[in-house]
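Trainee: The lines below spell out each chain.
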Amino acid sequence: MNNRQIWLTLITLALFAVVPPLAAIFDQPFYVDMLARVLILALAAVSLDFILGYGGMVSFGHAAYMGIGAYTVGIFSFYGIDNGFIQFPLAMAASALVGLIFGAMSLRTSGVYFIMITLAFAQMLYFLGISLEEFGGDDGMTAARSEFAGLVDLNDSSQFYYLVLACLALVLFILHRLVRSRFGMVIRASRTNEKRMQAMGFHTYRYKLAGFTIAASICGLSGALFANLNEFVSPDIMHWTRSGEIMIMVIMGGMGTLIGPVLGAAGFLLLEEYLPQWMEIFMTNAGEHWAIIMGPILIAIVLFGRGGIHALFARKWFPRRSGARNGGGKGHG
Amino acid sequence: MDPLLLLEQSFNGLQFGVMLFLIAAGLTLVFGVMDLVNLAHGSLVMIGAYLATTLVAWTDSFLLGMILALPATFVVGALVEVVALRTLYRRDHLDQVLATFGLILFFNEVVRIVWGPISLYSGLPDYLSGHVEIIPGAPYPVFRLLIIAVGLAVAGIIYLIVAHTRLGMLIRAGASNNEMVGALGVNIKSLFTLVFALGAVFAGLAGMMLGPLTSVESGMGEPLLILAFVVIIIGGIGSIRGAFIAAIVIGMVDTVGRIFLPVLLRAVVSDAAADTAGPALASMLIYILMAAILVVRPRGLFPARTG
Numbered sequence: 002m003n004n005r006q007i008w009l010t011l012i013t014l015a016l017f018a019v020v021p022p023l024a025a026i027f028d029q030p031f032y033v034d035m036l037a038r039v040l041i042l043a044l045a046a047v048s049l050d051f052i053l054g055y056g057g058m059v060s061f062g063h064a065a066y067m068g069i070g071a072y073t074v075g076i077f078s079f080y081g082i083d084n085g086f087i088q089f090p091l092a093m094a095a096s097a098l099v100g101l102i103f104g105a106m107s108l109r110t111s112g113v114y115f116i117m118i119t120l121a122f123a124q125m126l127y128f129l130g131i132s133l134e135e136f137g138g139d140d141g142m143t144a145a146r147s148e149f150a151g152l153v154d155l156n157d158s159s160q161f162y163y164l165v166l167a168c169l170a171l172v173l174f175i176l177h178r179l180v181r182s183r184f185g186m187v188i189r190a191s192r193t194n195e196k197r198m199q200a201m202g203f204h205t206y207r208y209k210l211a212g213f214t215i216a217a218s219i220c221g222l223s224g225a226l227f228a229n230l231n232e233f234v235s236p237d238i239m240h241w242t243r244s245g246e247i248m249i250m251v252i253m254g255g256m257g258t259l260i261g262p263v264l265g266a267a268g269f270l271l272l273e274e275y276l277p278q279w280m281e282i283f284m285t286n287a288g289e290h291w292a293i294i295m296g297p298i299l300i301a302i303v304l305f306g307r308g309g310i311h312a313l314f315a316r317k318w319f320p321r322r323s324g325a326r327n328g329g330g331k332g333h334g
Numbered sequence: 122m123d124p125l126l127l128l129e130q131s132f133n134g135l136q137f138g139v140m141l142f143l144i145a146a147g148l149t150l151v152f153g154v155m156d157l158v159n160l161a162h163g164s165l166v167m168i169g170a171y172l173a174t175t176l177v178a179w180t181d182s183f184l185l186g187m188i189l190a191l192p193a194t195f196v197v198g199a200l201v202e203v204v205a206l207r208t209l210y211r212r213d214h215l216d217q218v219l220a221t222f223g224l225i226l227f228f229n230e231v232v233r234i235v236w237g238p239i240s241l242y243s244g245l246p247d248y249l250s251g252h253v254e255i256i257p258g259a260p261y262p263v264f265r266l267l268i269i270a271v272g273l274a275v276a277g278i279i280y281l282i283v284a285h286t287r288l289g290m291l292i293r294a295g296a297s298n299n300e301m302v303g304a305l306g307v308n309i310k311s312l313f314t315l316v317f318a319l320g321a322v323f324a325g326l327a328g329m330m331l332g333p334l335t336s337v338e339s340g341m342g343e344p345l346l347i348l349a350f351v352v353i354i355i356g357g358i359g360s361i362r363g364a365f366i367a368a369i370v371i372g373m374v375d376t377v378g379r380i381f382l383p384v385l386l387r388a389v390v391s392d393a394a395a396d397t398a399g400p401a402l403a404s405m406l407i408y409i410l411m412a413a414i415l416v417v418r419p420r421g422l423f424p425a426r427t428g
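Residue numbers (this note's numbering), protein chains in the order written: chain L, 2 to 334; chain W, 122 to 428.
What the hints contain is simulated information worked out from the structure, not anything from laboratory work.
The model shown is predicted, which means the values in this text are computed figures rather than measured ones.
Please note: incorrect hints may appear among the correct ones.
[Claimed, not checked] Here's a subset of chain W near chain L, in silico, CB distances under 7 Å, partners left out:
1) L219
2) F222
3) I234
4) G237
[What the hints assert, rightly or not] Straight-line alpha carbon distances no greater than 25 Å define the calculated SDA-like cross-link-like pairs of lysine to any residue that follow:
5) K196(L) to R420(W)
6) K196(L) to D213(W)
7) K196(L) to L415(W)
8) K196(L) to S297(W)
9) K310(W) to F136(L)
10) K196(L) to R211(W)
11) K196(L) to D216(W)
12) K310(W) to R207(L)
13) K196(L) to N298(W)
14) K196(L) to R207(L)
15) K196(L) to P424(W)
16) K196(L) to V416(W)
The C-beta atom is built at its ideal place from N, Cα and C for all residues, glycine as well.
Take the sequences, apply the hints, and build the full model.
Mentor: Here it is in structure tokens:
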């Protein structure tokens, strides 16, 4: 990550930071909630990109960890414990633990097996959520907003927004340090040539597993925030299509860059929000069939959108260095 | 434990298993030969079910409609391969996963537009809606028996095609080295289209037979697709034999487990705990089985590819 990429990151975060005052000026409070949602899913996408873009681990079950984080908050709330200082650390710890277990088994395989196994494990948790009748089963349950000893009031949408933004900024900073550390170097190098790293004496499995666990934990934080945003938890949060969507956000924004997934999350969710409205302009009642346009758009992004939104900026502003994706061939991951 | 119930559930498990096999067969063939991960395989199940329901209504004959739906699904499969998937073969697996994810969104919406948002229910003709007593005292639905018979027959046909025909020889050769097959003068493009369309027919057949059991609706193939993934992970990707054995095992374990796991638990722990944990554990059973098998054999029971 060079200086210019850091600037792009800071500019993006600064733009997000001015949203609540602007929304207040123009009397459009709706945008604060919508962009809080964007930031929460951006957090999940950033965590996925850490293992996908830097580590080459194509995890197709990332929504599972959002689910663990969300259910931790929900279950505490169910038993009347609303203290965020208890809920959030435990949400992250629980996601890390599940990530450690799933990762330990999934990372024994590679390539397409890894994709399918992570998907299957996520689906297992989805069905587990459905079978938990006590916690609402299929219908889910409501969850009260977490309380932080009066420091942050999550019922105030702009305070909530800034909490999410602060979490995202902190995570971006930590990951920025992490990918440049020795640990991060080993993970990145194992994506490029794992056998060589092993020959050099690195236990790449342990490094990848540690990376996988960290990503799961961050994604759990995103899930805990998501439960607070919706004041509701249901198995739907772990639906396999959400794993796919998080992955699309990473690709759309730019794999293997830190701010890319944030841009991707914004791009994806805004498209989801506004595509139906644009379609209504051309044809009445066409909006409900937005997926028929969204599907081909996604395919086009995958086929032609090398490097995603991030590369778009990078190409325009810094023509020599494109922050494009770093390949990632068949048969490893 | 009631032995008759166990027997009946075993039949249900077998029926579920052959259904899974039909879906997994195409998936594993397409992966083995073209090295393509196709998430949209579940959409072919759905399209098969919709086509069959429509054709049955048109022809006013259950059997004729079903039979006509097979070539129709073949054509749809071939079209999908030529228009959309051909460009993906050279891409990495991540691109394939995401692009076929986009295809799912597209297909789900297409069927909503063409057939409407409401689920379709296709009834069974009289001669198939009855029960027979294969075992005295346990009447079993004729249609489910038919599914088992058709599934096993198709499994036999697939075995014959793969093991004893020229096409099967090309499929096996393609699975080990498709560039070499192309270099030897085989029209690899049309071979790929043929393999994909055949896979589509098997998936569509599963959808057709599923239609009368449940409802025909948008997205109906997706949960089955993920189960089919579990099947081919256990069986070994690219292996038809592995897919068959794993499909039957998964079908049996899932069906029988759901009925008997709570009963077994009740014998060990308190009733209340068993009632809570039983269904939860039963729904996770096949995934736990998958994890256990992977610990012992990371590439499945019958790994077909070594690369």
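Trainee: All hints, please: hold or fail.
Mentor: Evaluation of the provided hints:
no. : hint               : verdict
1   : L219               : 5 Å, holds
2   : F222               : 5 Å, holds
3   : I234               : 6 Å, holds
4   : G237               : 12 Å, violated
5   : K196(L) to R420(W) : 18 Å, holds
6   : K196(L) to D213(W) : 19 Å, holds
7   : K196(L) to L415(W) : 21 Å, holds
8   : K196(L) to S297(W) : 23 Å, holds
9   : K310(W) to F136(L) : 52 Å, violated
10  : K196(L) to R211(W) : 23 Å, holds
11  : K196(L) to D216(W) : 24 Å, holds
12  : K310(W) to R207(L) : 42 Å, violated
13  : K196(L) to N298(W) : 23 Å, holds
14  : K196(L) to R207(L) : 14 Å, holds
15  : K196(L) to P424(W) : 21 Å, holds
16  : K196(L) to V416(W) : 21 Å, holds
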